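Protein chains: 2
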Amino acid sequence: MIDQLIDSIEKLQNPTVVGLDPRLEFIPGPIREEAFDRYGKTLKGASKAFYQFNKEIIDQVKDIVPAVKPQVAMYEQYGYEGIKAYMDTIEYAKAQGLIVIGDIKRGDIASTAKAYSDGHIGIVNIDGEGLEVFKEDFITLNPYLGYDSIEPYVKNLNERNKGLFILVKTSNPNSKEIQNLPVEGELLYQRVAKLLKTWGEEAMGERGYSRMGAVVGATHPGDAETIRKILPNTFFLVPGYGAQGASAEDLVPNFNKGGRGAIINSSRGIIAAYKNEKYKKDFETKDFAKAAREAALDMKKDLQRVMD
Amino acid sequence: MIDQLIDSIEKLQNPTVVGLDPRLEFIPGPIREEAFDRYGKTLKGASKAFYQFNKEIIDQVKDIVPAVKPQVAMYEQYGYEGIKAYMDTIEYAKAQGLIVIGDIKRGDIASTAKAYSDGHIGIVNIDGEGLEVFKEDFITLNPYLGYDSIEPYVKNLNERNKGLFILVKTSNPNSKEIQNLPVEGELLYQRVAKLLKTWGEEAMGERGYSRMGAVVGATHPGDAETIRKILPNTFFLVPGYGAQGASAEDLVPNFNKGGRGAIINSSRGIIAAYKNEKYKKDFETKDFAKAAREAALDMKKDLQRVMD
Numbered sequence: 001m002i003d004q005l006i007d008s009i010e011k012l013q014n015p016t017v018v019g020l021d022p023r024l025e026f027i028p029g030p031i032r033e034e035a036f037d038r039y040g041k042t043l044k045g046a047s048k049a050f051y052q053f054n055k056e057i058i059d060q061v062k063d064i065v066p067a068v069k070p071q072v073a074m075y076e077q078y079g080y081e082g083i084k085a086y087m088d089t090i091e092y093a094k095a096q097g098l099i100v101i102g103d104i105k106r107g108d109i110a111s112t113a114k115a116y117s118d119g120h121i122g123i124v125n126i127d128g129e130g131l132e133v134f135k136e137d138f139i140t141l142n143p144y145l146g147y148d149s150i151e152p153y154v155k156n157l158n159e160r161n162k163g164l165f166i167l168v169k170t171s172n173p174n175s176k177e178i179q180n181l182p183v184e185g186e187l188l189y190q191r192v193a194k195l196l197k198t199w200g201e202e203a204m205g206e207r208g209y210s211r212m213g214a215v216v217g218a219t220h221p222g223d224a225e226t227i228r229k230i231l232p233n234t235f236f237l238v239p240g241y242g243a244q245g246a247s248a249e250d251l252v253p254n255f256n257k258g259g260r261g262a263i264i265n266s267s268r269g270i271i272a273a274y275k276n277e278k279y280k281k282d283f284e285t286k287d288f289a290k291a292a293r294e295a296a297l298d299m300k301k302d303l304q305r306v307m308d
Numbered sequence: 001m002i003d004q005l006i007d008s009i010e011k012l013q014n015p016t017v018v019g020l021d022p023r024l025e026f027i028p029g030p031i032r033e034e035a036f037d038r039y040g041k042t043l044k045g046a047s048k049a050f051y052q053f054n055k056e057i058i059d060q061v062k063d064i065v066p067a068v069k070p071q072v073a074m075y076e077q078y079g080y081e082g083i084k085a086y087m088d089t090i091e092y093a094k095a096q097g098l099i100v101i102g103d104i105k106r107g108d109i110a111s112t113a114k115a116y117s118d119g120h121i122g123i124v125n126i127d128g129e130g131l132e133v134f135k136e137d138f139i140t141l142n143p144y145l146g147y148d149s150i151e152p153y154v155k156n157l158n159e160r161n162k163g164l165f166i167l168v169k170t171s172n173p174n175s176k177e178i179q180n181l182p183v184e185g186e187l188l189y190q191r192v193a194k195l196l197k198t199w200g201e202e203a204m205g206e207r208g209y210s211r212m213g214a215v216v217g218a219t220h221p222g223d224a225e226t227i228r229k230i231l232p233n234t235f236f237l238v239p240g241y242g243a244q245g246a247s248a249e250d251l252v253p254n255f256n257k258g259g260r261g262a263i264i265n266s267s268r269g270i271i272a273a274y275k276n277e278k279y280k281k282d283f284e285t286k287d288f289a290k291a292a293r294e295a296a297l298d299m300k301k302d303l304q305r306v307m308d
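So the sequences go chain by chain: A and B.
Numbering follows our numbering, with no gaps: position 290 of the first sequence is 290.
Numbering follows our numbering, with no gaps: position 148 of the second sequence is 148.
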């Protein structure tokens, strides 16, 4: 799927992934009311509102961006009903031709990792019946437990053409607390990057990048530059642009020559654009998805500006 | 809840938590067949079989152990139906008087962590309706992102009497790869333990232990000894006993004086005891839950032997 992601970015000339991280306060009144009228102010009501919201956003961005990234926590907080909305969103996005990155950040010992791997990017076996469950194309993972927590995914990467993005350096302010600790003459995130380089060699795609990518926050451009040097053949998933504070200029170190090798996430900057002063004047609440489209087009322009 | 956990361990004289990590191959034929006859070999069928299995185990161990620890991955792999079985299991275990540790190992940036916190140990607000969703008493978290990924849980710890166990040193063989890296004269897991010491001071319970505990694998007794010295007032959740290879003797360094300050997990050693040669001769498949009870009593004896 890493090859398809690269193809799609090139075709659309846009290395953007839209973060589908809905919150009730982002959902326009009419969608919320329709869901609550039908299902009450319940976990199901909230989840149905999320799914409807996501569908309308997906319809408006599917010809502009190659991928969407639902953050599972936003759904999981509503229990199994929320997880159903997460799964329905993945199904809908894929049916519209989008690549789906499940932002799940799981990390566990091997026997447990196998369950996550089978459920999210593999096949679950129910007494001889093989079922695909979550169906993400990529998922994110946490490396703190070491390679035996990653290895159970490798078979699904290679045999089922799936992908991973492993946390190397996250976008949050406190990421330095552990990730930037000095380890034998380098910083921890650099060591993690070197481990990932070795791990990723087992899962190379056809277009020069591994199926095992890295999460590298846009909010630390100096660190990104270091990681890019360690990992020339690793694709970067880059959160932190826009609402978290990183500018297009900050993104430059994440890319290889020719603007290759990275995809930039924006969540509320796109999906809640209609609440932003910049778009409010041109889009009414009912046109929230069109505002998202406009914000996605603006982001594409902003990225193209610095990538040239 | 840390105080209640300590009380219950003392009352039962048993620092054991039963890991409810079902797999289809652990579920006795009759339970599987009933679920599949009714719901097919589907995600729902598997999930219903898990719930029935868990209920029977819970009924047999509830007067012996203070707590159960469902591993969410085992349920999550079956999608939203699996998550429903996870939630139903928590509800049932709590109704039987057990304390529930949700082994979720989440870890994400602050805004996302808040969603996990609200959903798992807090209150989710749906347009003015406050709902408890997962209802665990404790959950496990991954520290790789630093304190701003932990802070969103603190309010729920203190205001709602909930608890955390944060990964310090995990039980898997490759845990040393990152967790034992040398950092300024100590090892990374020691630094994480020191961070946890500071973080945990914000959430002290009444009985001398913080509401913010540590996960410390039983498979590395030397490391456990070091961590215990750094964290005298931190409660340890200790996986790795039994099936993962640690003996009762290996557990000793995890405890404070008087056998206090730690709870030991056993999953398949208890829930799948009926498949073990030791119990096979005395228990038929239909008595799988009684075999689990016997295994739980044997574990209690084994722990008491070394704690004296």
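Quick caveat, the hints were computed from the structure, so don't treat them as lab data.
Since this is a predicted model, take the numbers as computed values, not measurements.
Beta carbons: idealized from backbone N, C-alpha and C, even for Gly.
Any given hint could be a false lead.
Facing chain A, from chain B, some residues (calculated, C-beta under 8 Å) [unchecked claim]: (1) P30; (2) G146; (3) V192; (4) K194.
These are the hints, each one checked on the structure:
1. Of the supplied interface hints, the one on B:P30 is violated, with its beta-carbon coming no nearer than about 13 Å to a beta-carbon of chain A, more than 8 Å.
2. With a cut of 8 Å, the hint placing B:G146 at the interface with chain A holds, because the nearest CB-to-CB distance is about 3 Å.
3. Interface restraint check: B:V192 against chain A, minimum CB-CB distance 7 Å, threshold 8 Å, status holds.
4. At about 11 Å, the closest approach between the beta carbon of B:K194 and any beta carbon in chain A exceeds 8 Å, and the interface hint on this residue is violated.
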